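Engineer: Hints in hand, dock the two standalone chains.
Residue numbers (my numbering), protein chains in the order written: chain G, 1 to 180; chain F, 1 to 167.
Certain hints may be false.
Label pairs and their calculated CB-CB ranges [as the list claims (entries may be wrong)]:
hint, chain 1, residue 1, chain 2, residue 2, range
1, F, ARG147, G, LEU96, 29 to 39 Å
2, G, ARG165, F, TRP113, 38 to 48 Å
3, G, ILE4, F, PRO155, 48 to 58 Å
4, F, ARG134, G, GLU128, 14 to 24 Å
5, F, PRO155, G, LEU96, 18 to 28 Å
If you are wondering where the hints come from, they were derived from the structure by calculation, not from laboratory data.
Bear in mind the structure is a predicted one, so any value in this text is a computation, not a measurement.
Yeah, the Cβ is synthetic: ideal placement off N, Cα and C, and Gly gets one too.
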Amino acid sequence: MSDIKLAEAPPGIEGSGFFATSFDKVVGLARSHSLWPLPFATSCCGIEFMATMGAHYDLARFGSERPSFSPRQADMLLVMGTIAKKMGPVLRQVYLQMAEPRWVIAVGACACSGGIFDSYSVLQGIDEVIPVDVYVPGCPPRPEAILSGVLKLQEIVKNESLRRRDGPEYQELMSKYGIQ
Amino acid sequence: MGKMSNQTVLDKLNQQFGERISAVSEPFGLLTFETSKDSIISILTFLKNDPELKFIYLTDITGIHYPGTEFPIGVIYHVHSLVNNVRVRIKVFLEELNPVVSTATVLWDGANWMERETYDFFGITFEGHPNLCRILNVDDMTVFPMRKEFPLEDPNRVDKRDFFFGR
Numbered sequence: 001m002s003d004i005k006l007a008e009a010p011p012g013i014e015g016s017g018f019f020a021t022s023f024d025k026v027v028g029l030a031r032s033h034s035l036w037p038l039p040f041a042t043s044c045c046g047i048e049f050m051a052t053m054g055a056h057y058d059l060a061r062f063g064s065e066r067p068s069f070s071p072r073q074a075d076m077l078l079v080m081g082t083i084a085k086k087m088g089p090v091l092r093q094v095y096l097q098m099a100e101p102r103w104v105i106a107v108g109a110c111a112c113s114g115g116i117f118d119s120y121s122v123l124q125g126i127d128e129v130i131p132v133d134v135y136v137p138g139c140p141p142r143p144e145a146i147l148s149g150v151l152k153l154q155e156i157v158k159n160e161s162l163r164r165r166d167g168p169e170y171q172e173l174m175s176k177y178g179i180q
Numbered sequence: 001m002g003k004m005s006n007q008t009v010l011d012k013l014n015q016q017f018g019e020r021i022s023a024v025s026e027p028f029g030l031l032t033f034e035t036s037k038d039s040i041i042s043i044l045t046f047l048k049n050d051p052e053l054k055f056i057y058l059t060d061i062t063g064i065h066y067p068g069t070e071f072p073i074g075v076i077y078h079v080h081s082l083v084n085n086v087r088v089r090i091k092v093f094l095e096e097l098n099p100v101v102s103t104a105t106v107l108w109d110g111a112n113w114m115e116r117e118t119y120d121f122f123g124i125t126f127e128g129h130p131n132l133c134r135i136l137n138v139d140d141m142t143v144f145p146m147r148k149e150f151p152l153e154d155p156n157r158v159d160k161r162d163f164f165f166g167r
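Just chain F, with the same shape it has in the complex (with noise of 0.2 Å):
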């Protein structure tokens, strides 16, 4: 079966959800746009349900911080339709403060280990996850360390002192 179009999967993306859908574009080829995050979970359900577009395999889920932005956390969804060979990127952007958004482990399993990363580096919420703790970081980690506000330097670093460089 040959490749189905961008413009394919996004019209009958907009005669489901119409507005619902926003800030569309295609960079480097990749059909992206964003979303509420109340309907990011209806919105997967379309794509991996549709007969026709088949969106069956979660490539991904991450997140992002843009600070000083209305909504500066994100998540990013990326879904690929093995059949059609298509791949589509959603955005769905939140507040700082308790960032929530509903889980997508009813839909693909895979999610669970995506979800409980993203939740361990930007302390994002995903409701209804069955095991939300983290996953690669130590436990007693107290930040979520991808957010800008934490510094990426160990505070232990003794050799980079400005006293070493007599400053």
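One chain only, chain G, in its complex shape (with noise of 0.2 Å):
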């Protein structure tokens, strides 16, 4: 007897042969079950990752099987380590390069405020160039503070409207970082 668990069907009417449910909540449900990994690691954070990717904490078991090393395939940019000034380009580079829809997770105080690198050369946290969806605290976070990050996604994933990326709020979000 497998104990594995399916994902639970979005609330909707089911009857004989058919179900009707909401299309967002059903295109929810497969992103968030499926974000492919970009993993932006540029230091100790990096490593903790390597674990979650590892067999032990296995990230595979919420979807996210294929960690994309090209931007364009990727739906999750997890950014893990201190970004120096130097290398704020390069991630705006990184980001704008993701096709729609795309989510990004601070992971470490580093790339959430700068950490203990409080300095001319480093970056005060990468919301600073790019917009963050989830950030996880921690220096470095433990594996599973970043499976709770991911999770965290999953759910604003779910829960996003189709056409969330159209809206105004959003492009207002995205004019504010310069990107379009």
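Structural biologist: Have a look at this one:
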């Protein structure tokens, strides 16, 4: 007997031979369980992510089976580590190359706020150059914390409306970062 | 070949350059002296090309800032004689406004990046350098961050504001 749990179907109307629900929910459910990660690892948080991807913690259980080292096919950008100011434009370029829909997780104190590096040469949080969806605190965070961040993002993805990215709120956010 | 003593090196330098060498000391056994920006290249040339001394290896060029003194900006050269197993440190102090010194790239190609780094952090101009531009910091940086008048911290930092600590 397998103990694999399937994702729960969204609320809808079920009858003999059909199931009707909202398109948003179905697409959100599908997207949330196939978030292809793009690891952007620059320091020790990246090592924790390697443990997260490994057999013991196994991020693949949550549908992030395939780390995508090309931004074109990635859904979820994981920024792990100190981003120096010279690295800022590179990170932005990687974000711009990702296709919509795209999400960003800032893993660790450095990516979230600059961490211990309160210095002229270090970006004080990656949200200075790209929008961030989930922040994972810790220095470095344990693999459990990274998993929790990914699960948080899955909740965001599930509940996001299909057309959010055409909405004025999202467009305004993007224009704040000078993207478009 | 055995180690050449600091005194031998100093004697040879004194014989050649006399009072152009000042403030001689030996902290931790490392022969250290100061010179002027007009003499530095001729001293380095002598150290490198002298058939006995043979200081053929340029270990480092870096800068230093002592604010409040007459000549606050310093350029520091470390050279190493691999054959004689002896090192020398040479300091050149410059004025705060527009510090200029001749380039050492005429002697060592390796001086290229070292001088770019020193320019990047201290704003010291090396005259005759083939490509004196920033090397480590972002190109659009307007300050020379290792000078004492520029703050170390990033002004965009939000979680260290006094507000959060009830100040």
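Engineer: Compare the structure with each hint and give your call.
Structural biologist: For each hint, the structure was consulted:
Between F:ARG147 and G:LEU96 the Cβ separation comes to about 35 Å, which falls inside the hinted range of 29 to 39 Å. Between G:ARG165 and F:TRP113 the Cβ separation comes to about 45 Å, which falls inside the hinted range of 38 to 48 Å. About 52 Å separates the C-beta atoms of G:ILE4 and F:PRO155, a value consistent with the hinted range of 48 to 58 Å. The beta-carbon spacing between F:ARG134 and G:GLU128, approximately 20 Å, falls within the hinted interval of 14 to 24 Å.
For the pair F:PRO155 and G:LEU96, the supplied restraint of 18 to 28 Å holds, since their beta-carbon distance comes to about 26 Å.
Of the numbered hints listed earlier, not one is contradicted by the structure.
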